[in-house]
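S.K.: Okay, here's what each chain looks like letter by letter:
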Amino acid sequence: MSYLAALDLSISFGGIRAVDDVSFEVEEGEVFAIIGPNGAGKTTLFNLVSGIYSPDGGSVRFAGRDITSLPAHRIAPLGLARTFQNIELFEHATVLQNLLIGRHVHRRSTALSHLLFLPAVRREELEHRRRVEDVIDLLELAHYREQRIANLPYGVRKVVEVGRALCLEPKLLLLDEPTSGLNPEESEDMGFWIEDINRDLGVTVVMVAHDMGLVSRVAGRVLALNEGRVIAEGSPAEVQKNPAVVDAYLGAE
Amino acid sequence: MRFLFKTHYNQDIDHLKHGGDRFWYGLLLVLVAAAPAALGTFYLGELNLVMIYAIAGVGLMLLVGYTGQVSLGHAAFLAIGAYTHSLLLGAGLPFLLSIVAAVLVSALVGAGVGWIALRMTGIYLAIATLAFAMLTEQTISRAEWLTGGFRGLAVPQASLFGMPLTQGWQHYYVTLTLLVVTLLAALNILRSSTGRAMVAIRDSEISAESVGINLAVYKTLAFALSAGITGLAGALFAHRLGYLSPDAFTFLISLQLLLMVVVGGVGSMRGVIYGALFIGFLPQLLAIARDTLPPQIAQAPGLEPGIFGLILVLVILFEPQGIFGRWLKIKSYFQLFPLYRRATHRRQKTYLRTERLR
Amino acid sequence: MVNFAQGDLMMLGAFMAVTLIGDFGLPWALGLLLSVLALAVFGYLLDAFVLRRVLGEPQFAIVMLTIGLGFIFRAVAGLVWGYDPQSFPTPYTGKSLRVGEIVVSYENLAILLGTLVLCLVLFLFFRRTRLGIGMQATSQNQLAAYYVGIPVKRVFSLVWAISAGVAAVAGILLAPVSLVQPGMGFIGIKAFAAAVIGGFGSIPGALLGGWIIGVAEQVAGVYLPAGFQEMSAYGILILALILRPQGLFAQIQRKKV
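Residue numbers (numbering that gives the first Met the number 0), protein chains in the order written: chain A, 0 to 252; chain B, 0 to 357; chain C, 0 to 256.
Derived by calculation from the structure, the hints in this document are not laboratory data. Computed from a predicted model, the values in this text were never measured in an experiment. It is possible that some hints are incorrect.
What the hints assert, rightly or not - Okay, derived cross-link-like pairs now, SDA-like style, lysine to any residue, Cα gap no bigger than 25 Å in a straight line:
1) B/Lys16 to A/Ser112
2) B/Lys5 to A/His142
3) B/Lys330 to A/Leu95
4) B/Lys5 to A/Asp133
5) B/Lys16 to A/Phe116
6) C/Lys152 to B/Lys330
7) A/Lys170 to B/Lys328
8) B/Lys5 to A/Leu137
9) B/Lys5 to A/Arg128
10) A/Lys170 to A/Leu200
11) B/Lys5 to A/Leu125
12) B/Lys330 to B/Asp20
13) B/Lys5 to A/Asp7
14) B/Lys328 to C/Ala60
15) B/Lys16 to A/Leu200
16) B/Lys16 to A/Glu126
To be verified - Reference listing, derived: stretches of chain C covered by chain B, where coverage requires no fewer than 3 residues with Cβ under 8 Å from a Cβ of chain B:
17) 45-53
18) 61-69
19) 233-241
Glycine is no exception: its CB is placed at the ideal position from the N, C-alpha and C atoms.
Chain A extracted, bound-state conformation (with noise of 0.2 Å):
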């Protein structure tokens, strides 16, 4: 029994089959790579996985669960976290309150509680913030952690975002492009954060991705998609000699 499993994921958008009968299947414990061209349906991919939109047909199970109908706030807790291609932060909050934010799946205290700070929720609050903090040491991102996001540079907006899934414990990491945008060097960090966060947190790691480079160097297997169809997986070299996706990539003939 895999660890994340597609089964005949298909949805359509105003006749558009946008997501086209795509079943994947993820190891625990694994660096998984999406790539495939503009509007190959990668996004909605995703989108479907973390429960944002509802298929038309098949079903994805996670950790031995059916998640295919479950919405999104309720997969997160089963240890699901995902970044967002544009980003998706929390603009006027600052890059603290943004990864506690990220812990919302670890409290245990409840809204009346709240009201009256009780000591508990204290002792809780710590908690968090000390397991904000390890990842805050992890991605380096002490400069900024009083910074509010909309004043951040784009390249650690991204790594804030990695940050707050972390700060979910997640067991599945779903990144949607994390390297797109940034220059060569901060692609360079971003792609040893994976190897890290795989390696040394285990996280299963499934990521959307248009740069071969890190795809090759971080990603154990790769399923390309083009209109919404699986054309090919395998190991990176492999499904990069794969003629289906060099075709989708310069065009047919």
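Dock chains B and C against the given chain A, drawing on the hints supplied.
M.R.: Frame of chain A; chains B and C shown alone:
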């Protein structure tokens, strides 16, 4: 400029971050508590009103400033609090119990409105809350068997611990205590995961969902909390009015409450206090201004709403962060002198993009 | 862009017509044309000097700003024209059309015809002219519209000019049946309800919305106890928003990520 050396996470969590805070807020509390000794009945009453506004403002700020949900109908919750309190007081319930009940009833109605409003956003939400307020106003004026309609409802005399509340200073202390309690509760919410979930919803619903925040639960909760606190203000407001009728809770009141939040500074609790002071003392300023203006302008019945409108427009055009935002700018000007640049506080604009599909 | 001051623009238009026709004695048609033009210019200037500053600010700011403007307009109108309701003379006042058993006053007929003509003109404008299409594009994506060469700022001012002009027409049509006074703009809230029910951005939708509210008010007035007539518009509004939170004919889809 003060540099804080943090040695414990508690320093971030505590309300009062350092000695200076403790000193100034302590001094403020002493001054406010001593006010009845120094002020005459009139100004004490006005200060009491300011604090009632401040309580309602805390409620509205939680919703508008922190959860990002607009409400053009908060006068309705003020009315519900006021009527519930008066009716229960009239039925013989003790003062404190009746206040608690008024808060609960308002919160319950607020939860209902919040639940209904779940799928609405932005402008549609604003209009729905406005319609809700209109409906409430109509209902109150028509349900004469309960509320007396336009004939009005006399607010019964309250007594606390066997002591009748007849004097201005007694009401003043009751309001002051409840304001402090409300502020502390609101700040407690904001420094815990509930408050952070609200901020998350304000800034990005989609990623709030994907970190596991249940939008339905937290939006409803924010509405309930906001309505409950506004209902509390309503209960106190009833005593101030002495006589309730539906035209005390019109759209103009909703607008005043919003004006308070905007003028004070959206997204800060201190802004609420500034806004309340502003709204509370504006009629006094207007009264003074009336004496100097030519009579045909000064006596015009629409002058006050017009001035409110004008201030609202000016604040939004020139200082969208309100008085609190201006204060921060002045403070950083002096702290950074002579290095302050205007760009430090420049806002980012986001251009409208609606996603339409044919 | 959403305008909470629309009803008050309507009120200003009506007052303008009253002044030009009633006080200055201009011919009816000329006075009408002039007051529509005056309001259009006013709308243009309003955008150029006030509203343009909040372009790019959150929607909340625009809502609050237009509410504030509405209050200012009402106060100014009160100062200039007073608070006593004024009647509005028209060439057709008091006359009525008789078709068999049915008697329709010309005032109501004018409202009906005026509305139809106005809608047709607006519909053609938005469908057929470059400017109208540019406006639609701007309402969907300001930045993209700017990139393809639409003068976004000028388009916004023109939109305001048109909507103020239309408000003036509405005010003038309504004036003979409802009397002119600073508070008459409150009917604008109902217009809003119509637009919401129809879904913003759809003129046929707004018409249908207005029709639903009008009929419901009449029905409630006849069959339900007193008070329900005033409440019905708001009740329907809330109901419509519960069923279709983005309006009946909304085209807006969920935000993409």
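S.K.: Now, for every hint given, state plainly whether the structure supports it.
M.R.: Here's how the hints hold up against the structure:
1. For the hint pairing B/Lys16 with A/Ser112, the CA-to-CA distance comes to about 22 Å; that is within 25 Å, so the pair holds.
2. As the CA atoms of B/Lys5 and A/His142 are separated by approximately 14 Å, the hinted pair is consistent with the 25 Å bound.
3. Straight-line distance between C-alpha atoms of B/Lys330 and A/Leu95 comes to about 23 Å, which keeps the hinted pair within the 25 Å bound.
4. Distance check on the hinted pair: B/Lys5 and A/Asp133 sit about 17 Å apart at the alpha-carbon level, within 25 Å; holds.
5. Proximity of B/Lys16 to A/Phe116 is assessed by CA-CA distance (about 16 Å); at most 25 Å being required, the pair is judged to hold.
6. Between C/Lys152 and B/Lys330 the CA atoms are separated by roughly 35 Å; this puts the pair beyond 25 Å, and the hint is violated.
7. A hinted pair counts as satisfied when its Cα atoms are at most 25 Å apart, and A/Lys170 with B/Lys328 does not qualify at roughly 44 Å.
8. Between the alpha carbons of B/Lys5 and A/Leu137 the distance comes to roughly 20 Å, so the proposed pair stays at or under 25 Å and holds.
9. Restraint check for B/Lys5 and A/Arg128: the C-alpha separation of about 13 Å stays at or below 25 Å, so the hint holds.
10. A threshold of 25 Å between alpha carbons decides the hint, and for A/Lys170 with A/Leu200 the separation of about 9 Å falls inside it, so the pair holds.
11. Only pairs whose Cα atoms come within 25 Å are accepted, and B/Lys5 paired with A/Leu125 is accepted, the gap being roughly 14 Å.
12. Between B/Lys330 and B/Asp20 the alpha-carbon distance is near 15 Å, which keeps this suggested pair within the 25 Å criterion.
13. Taken as a hint, the B/Lys5 and A/Asp7 pair is broken in the structure, with Cα atoms around 53 Å apart against an allowance of 25 Å.
14. Using a Cα cut-off of 25 Å, the hinted pair B/Lys328 and C/Ala60 holds, with the two alpha carbons roughly 20 Å apart.
15. The suggested pairing of B/Lys16 with A/Leu200 is violated, with an alpha-carbon distance near 34 Å, which exceeds 25 Å.
16. For a cut-off of 25 Å, the pair hint linking B/Lys16 to A/Glu126 stands: about 19 Å separates their Cα positions.
17. Here's how the segment 45-53 of chain C fares: 3 of its residues keep a CB closer than 8 Å to some CB of chain B, so the rule of at least three is met and the hint holds.
18. Under the rule that three or more residues need a Cβ within less than 8 Å of chain B, the assignment of the segment 61-69 of chain C holds, with 7 such residues.
19. With a threshold of 8 Å between beta carbons, the proposed coverage of the segment 233-241 of chain C by chain B holds, since 6 of its residues qualify and at least three are required.
Checked against the numbered hints above, the structure violates hints 6, 7, 13 and 15; every other hint is satisfied.
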